[in-house]
Amino acid sequence: AFDLVEEVRALRLVPAALLLREAVESGRPFALALDQFAAVAAAVDRAYLEADPQVMEQIASLQPYADTGVVSWRDLRRSFASLPGLIERADPAGWWDWALVMAGWRADPLEPLHEAQAALMVDDLEGAIASLATLQGEAALVTEGWLTLARARLAADAIVNDLYQVALAAGTTSSPLGSTLAS
15 AFDLVEEVRA LRLVPAALLL REAVESGRPF ALALDQFAAV AAAVDRAYLE
65 ADPQVMEQIA SLQPYADTGV VSWRDLRRSF ASLPGLIERA DPAGWWDWAL
115 VMAGWRADPL EPLHEAQAAL MVDDLEGAIA SLATLQGEAA LVTEGWLTLA
165 RARLAADAIV NDLYQVALAA GTTSSPLGST LAS
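Taking this note's numbering, I'd label the letters of the sequence shown as residues 15 to 197.
None of these hints come from the bench; they were simulated from the model. Remember, it's a predicted structure, so these values are computed and weren't measured experimentally. Be aware that a few hints might be false.
Cβ pair distances, simulated, as ranges [what the hints assert, rightly or not]: (1) 45 to 103: 16 to 22 Å; (2) 81 to 117: 22 to 28 Å; (3) 140 to 22: 21 to 27 Å; (4) 71 to 96: 34 to 40 Å; (5) 159 to 49: 48 to 54 Å; (6) 122 to 92: 22 to 28 Å; (7) 150 to 96: 18 to 24 Å.
Every residue, glycine too, gets a C-beta built ideally from N, C-alpha and C.
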């Protein structure tokens, strides 16, 4: 049996999770939103939180980014546009190399870059990361910083999504009020 006070506390997780998600996606610092979500989660009866220890671990894993933020999708896309030029300057290809690529006698060493660009066009950050991670030599060194930022964005999005799902589940845990509000 759930009591109304506990149920209302659990329902407060949903807007706290939404505010956290919005703050994390912005690319700006989100310490306040994270602290608010943590406080609301700590006040919720454990019966409403299916994976309580994980919730606190996930909150802790976002903490290192809270004061600085995580790069936004828009900034990732914008900074990706400069990668081809940076790679070309770091490891210029000779005309003979490009002639062999154009003739189909040699694989394009920048194919992973093109694949990553295509993945980003359909919002597939995981695919873009996987493609860029296959670059070799100077090209790999040039993309290292971008990959670090992209992996942080991917991890933060996954954690925030998990916390949001926990909040939704807590707000609808077998009670008439939660079920009514969920629909």
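Hints versus structure:
{"no.": "1", "hint": "45 to 103: 16 to 22 Å", "result": "violated, 37 Å"}
{"no.": "2", "hint": "81 to 117: 22 to 28 Å", "result": "violated, 52 Å"}
{"no.": "3", "hint": "140 to 22: 21 to 27 Å", "result": "violated, 37 Å"}
{"no.": "4", "hint": "71 to 96: 34 to 40 Å", "result": "holds, 36 Å"}
{"no.": "5", "hint": "159 to 49: 48 to 54 Å", "result": "violated, 29 Å"}
{"no.": "6", "hint": "122 to 92: 22 to 28 Å", "result": "holds, 24 Å"}
{"no.": "7", "hint": "150 to 96: 18 to 24 Å", "result": "holds, 20 Å"}
Hints 1, 2, 3 and 5 from the list above are not met by this structure, while the remaining hints are.
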